[in-house]
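With UniProt numbering, letter number 15 in the sequence shown gets 15, and the count goes up by one each step, no holes.
These aren't lab readings, by the way, just hints derived from the structure by calculation. Everything numeric in this text was worked out from a predicted model, so none of it was measured. Honestly, I wouldn't trust all of these hints.
[Claimed, not checked] Here are the simulated DSS-like cross-link-like pairs (lysine-lysine), alpha carbons at most 30 Å apart as the crow flies:
hint, residue 1, residue 2
1, 264, 231
2, 110, 129
3, 135, 231
4, 129, 96
5, 376, 264
6, 114, 317
7, 317, 105
8, 317, 379
9, 376, 318
10, 379, 318
11, 231, 317
12, 129, 114
13, 376, 114
14, 96, 135
15, 105, 376
16, 379, 96
17, 318, 129
18, 114, 135
19, 231, 182
20, 135, 110
21, 96, 114
22, 96, 110
23, 264, 129
24, 318, 105
25, 318, 96
26, 129, 317
27, 110, 318
28, 135, 264
29, 317, 110
30, 114, 264
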Amino acid sequence: MPRRFFKPIAIHETHMCDICLAYNAAASWPQAVTRSHSIALSNNFQFTQIETIDSKMVLHGRLLYAWLPLLVFLLQAFHGRFAEGSCRNNNGGCGKNALCSENRKTSAIKCTCKTGYTNTGSAVRVVCKDSCTIKNGGCGPRAACSHHAKTNAVKCTKKAGHTNTRSASGDIRIVNISANAKWAQNGVTIAGGNGYGGASYHLNSPAGLFVDGNQTAVIADTRNDRIIQWKNGDTTNVQVVAGGNGQGNGLNQFFRPIDVLIDKETDSLIICDYYNRRVVRWSRRSGTTQGEILIDNIDCGGLAMDEQRYLYVSDYKKNEVRRYRFGENIGTLIAGGNGRGAGLNQLSGQTCLFVDRQQNVYVSDSSNNRVMKWNKCAKEGIVVAGGQGAGSALTQLWYPYGIFVDTLGTLYVADALNNRVMRWTQGATQGTVIVGGNGLGAAANQFHAPLGLSFDRHGNLYAVDQNNHRVQRFSIE
Numbered sequence: 001m002p003r004r005f006f007k008p009i010a011i012h013e014t015h016m017c018d019i020c021l022a023y024n025a026a027a028s029w030p031q032a033v034t035r036s037h038s039i040a041l042s043n044n045f046q047f048t049q050i051e052t053i054d055s056k057m058v059l060h061g062r063l064l065y066a067w068l069p070l071l072v073f074l075l076q077a078f079h080g081r082f083a084e085g086s087c088r089n090n091n092g093g094c095g096k097n098a099l100c101s102e103n104r105k106t107s108a109i110k111c112t113c114k115t116g117y118t119n120t121g122s123a124v125r126v127v128c129k130d131s132c133t134i135k136n137g138g139c140g141p142r143a144a145c146s147h148h149a150k151t152n153a154v155k156c157t158k159k160a161g162h163t164n165t166r167s168a169s170g171d172i173r174i175v176n177i178s179a180n181a182k183w184a185q186n187g188v189t190i191a192g193g194n195g196y197g198g199a200s201y202h203l204n205s206p207a208g209l210f211v212d213g214n215q216t217a218v219i220a221d222t223r224n225d226r227i228i229q230w231k232n233g234d235t236t237n238v239q240v241v242a243g244g245n246g247q248g249n250g251l252n253q254f255f256r257p258i259d260v261l262i263d264k265e266t267d268s269l270i271i272c273d274y275y276n277r278r279v280v281r282w283s284r285r286s287g288t289t290q291g292e293i294l295i296d297n298i299d300c301g302g303l304a305m306d307e308q309r310y311l312y313v314s315d316y317k318k319n320e321v322r323r324y325r326f327g328e329n330i331g332t333l334i335a336g337g338n339g340r341g342a343g344l345n346q347l348s349g350q351t352c353l354f355v356d357r358q359q360n361v362y363v364s365d366s367s368n369n370r371v372m373k374w375n376k377c378a379k380e381g382i383v384v385a386g387g388q389g390a391g392s393a394l395t396q397l398w399y400p401y402g403i404f405v406d407t408l409g410t411l412y413v414a415d416a417l418n419n420r421v422m423r424w425t426q427g428a429t430q431g432t433v434i435v436g437g438n439g440l441g442a443a444a445n446q447f448h449a450p451l452g453l454s455f456d457r458h459g460n461l462y463a464v465d466q467n468n469h470r471v472q473r474f475s476i477e
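My request is simple: use the sequences and hints to build the entire structure.
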């Protein structure tokens with residue numbers, strides 16, 4: 001288990017080292033005994049002559065000289081264990097499959113699994129194992145797991161006789177919606193809507209939402225610290241499919257999960273566990289009682305996955321988006337990463353993500369009241385919605401959250417503080433309101449902070465109505 005170490009304070013008037021020796025290169029005994037008022041803990045242990053002491057002290061100096069090798073050894077051991085750079089001492093206790101880093105202010109050790117290894121322990125006790133030995137590296141039953149020769153990242157190769165005919169997320173990111181489509185203005189509540197609470201028929205400040213090709217919705221029930229599932233046709237209570245074991249950092253717990261997606265390839269959920277600062281994966285198979293950590297030490301604000309099964313994660317505090325292979329811990333910077341700001345190469349409090357088939361990344365740049373598109377390999381983004389300051393005009397957004405892009409490239413945005421969902425066609429300078437926009441409220445045609453947003457394969461719209469503690473479905477007409 002990684003340990004916390006502390007830096008030594010500067011040593012002044014150190015009595016143990018009051019008597020130091022000036023060496024003569026040709027002599028094996030000290031020629032003079034000197035007094036030093038400070039000592040530098042360097043590897044060479046150089047001593048500086050300051051003032052000559054009475055010759056009666058020479059005998060004491062010789063005694064100290066006899067003990068000097070032991071003293072040097074002890075000081076070197078102290079320096080190597082407690083001084084900055086203690087990661088050099090047995091890799092800080094992190095193990096051979098982890099990278100050790102040290103906080104310069106606190107000297108605390110942080111262990112992070114190397115690329116190609118997965119943490120099967122916890123954020124406190126990091127245990128790194130070969131990702132391919134853990135659920136086949138997330139490659140699924142129809143693929144072989146291996147490692148890239150240069151990066152050691154997990155590589156999934158389809159087995160003979162199998163062809164990849166669908167996206168990683170079950171084709172749900174490929175939705176055809178007519179340019180003239182309209183939706184019912186009154187939503188139908190599919191989950192929650194009974195006030196907030198912890199019962200199975202309650203939600204409590206839900207946030208993220210994902211709908212798969214079978215019209216099954218999974219919802220991040222944030223303040224209940226759980227993930228719930230609703231299947232099309234359900235008329236009874238929804239099902240808890242992850243968490244629900246109280247707030248905490250155990251592998252069977254969450255602390256404010258805010259986003260979720262379904263990975264069809266491995267039949268699992270991938271979840272932003274916000275206050276635990278980690279991304280976790282839970283199998284959807286019957287009998288699963290806990291998840292596994294995919295990425296830790298990250299302030300996850302949103303998730304997305306592309307057809308090549310790259311995972312995209314927005315880091316809310318670092319104002320950046322990174323792309324990960326399964327088993328990779330560092331990731332590749334995709335968007336932002338240039339500090340908090342409103343420049344085209346910056347983000348500010350970004351939340352949700354969407355990735356299209358060309359691996360272009362759309363980002364809800366929430367605090368900048370805009371949605372950005374970062375083309376593949378671009379160094380800066382393009383404003384595709386909003387960017388005109390916070391407001392309710394059709395050219396403006398006010399804290400955009402959930403986003404979705406159809407096959408025509410039309411953008412759909414949950415405009416949270418305007419309590420509406422908007423549509424922006426490619427190249428448009430303003431959007432149109434498709435549902436909501438009728439003021440803050442709990443009526444069927446109103447929202448109170450819409451957050452998560454998704455569509456099913458028929459084009460029906462699903463929206464998380466956070467402060468009404470419900471999920472609404474608006475049927476396409």
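Right, here's what the structure says about each hint:
Between residue 264 and residue 231 the CA atoms are separated by roughly 16 Å; this keeps the pair inside 30 Å, and the hint holds. Between residue 110 and residue 129 the alpha-carbon distance is near 17 Å, which keeps this suggested pair within the 30 Å criterion. At most 30 Å may separate the alpha-carbon atoms for a hinted pair to count; residue 135 and residue 231 meet this at roughly 26 Å. At roughly 10 Å between alpha-carbon atoms, residue 129 and residue 96 fall within 30 Å of each other, so this suggested pair holds.
For the hint pairing residue 376 with residue 264, the CA-to-CA distance comes to about 24 Å; that is within 30 Å, so the pair holds. Our distance criterion of 30 Å between C-alpha atoms is met by residue 114 and residue 317, whose separation comes to about 23 Å. Note on residue 317 and residue 105: the hinted pairing holds, with a Cα-Cα distance of about 19 Å set against a maximum of 30 Å. Distance hint between residue 317 and residue 379 is fulfilled; the C-alpha atoms sit about 20 Å from each other, no more than 30 Å.
Our distance criterion of 30 Å between C-alpha atoms is met by residue 376 and residue 318, whose separation comes to about 20 Å. About 17 Å separates the Cα atoms of residue 379 and residue 318, which keeps this hinted pair within 30 Å; it holds. Using a Cα cut-off of 30 Å, the hinted pair residue 231 and residue 317 is violated, with the two alpha carbons roughly 34 Å apart. Only pairs whose Cα atoms come within 30 Å are accepted, and residue 129 paired with residue 114 is accepted, the gap being roughly 10 Å.
In summary, the hint linking residue 376 to residue 114 is supported, as the alpha carbons are separated by about 26 Å, within the 30 Å threshold. For the given pair, residue 96 sits about 22 Å from residue 135 by alpha-carbon distance, which is consistent with the 30 Å threshold. A distance of roughly 37 Å separates the Cα atoms of residue 105 and residue 376; the hinted pair therefore is violated under the 30 Å criterion. Pair hint residue 379 plus residue 96 does not hold up; C-alpha atoms about 35 Å apart against a cutoff of 30 Å.
Between the alpha carbons of residue 318 and residue 129 the distance comes to roughly 27 Å, so the proposed pair stays at or under 30 Å and holds. Simply put, residue 114 and residue 135 have alpha-carbon atoms about 18 Å apart, close enough for the 30 Å limit, and the pair holds. Our distance criterion of 30 Å between C-alpha atoms is met by residue 231 and residue 182, whose separation comes to about 24 Å. Straight-line distance between C-alpha atoms of residue 135 and residue 110 comes to about 26 Å, which keeps the hinted pair within the 30 Å bound.
Note on residue 96 and residue 114: the hinted pairing holds, with a Cα-Cα distance of about 9 Å set against a maximum of 30 Å. Between residue 96 and residue 110, the direct Cα distance comes to roughly 14 Å. Compliance with the 30 Å bound is thereby established for this hinted pair. Taking the CA atoms of residue 264 and residue 129, the gap is near 24 Å; set against the 30 Å cutoff, the hint holds. Under the criterion of a C-alpha separation no larger than 30 Å, the hint pairing residue 318 with residue 105 is consistent with the structure, at around 19 Å.
With a C-alpha separation of about 28 Å, the suggested pair residue 318 and residue 96 falls inside the 30 Å cut-off, and the hint holds. For the given pair, residue 129 sits about 28 Å from residue 317 by alpha-carbon distance, which is consistent with the 30 Å threshold. Taken as a hint, the residue 110 and residue 318 pair is honoured in the structure, with Cα atoms around 18 Å apart against an allowance of 30 Å. This hinted pair checks out: residue 135 and residue 264 have alpha carbons roughly 14 Å apart, not beyond 30 Å.
A hinted pair counts as satisfied when its Cα atoms are at most 30 Å apart, and residue 317 with residue 110 qualifies at roughly 18 Å. Restraint check for residue 114 and residue 264: the C-alpha separation of about 26 Å stays at or below 30 Å, so the hint holds.
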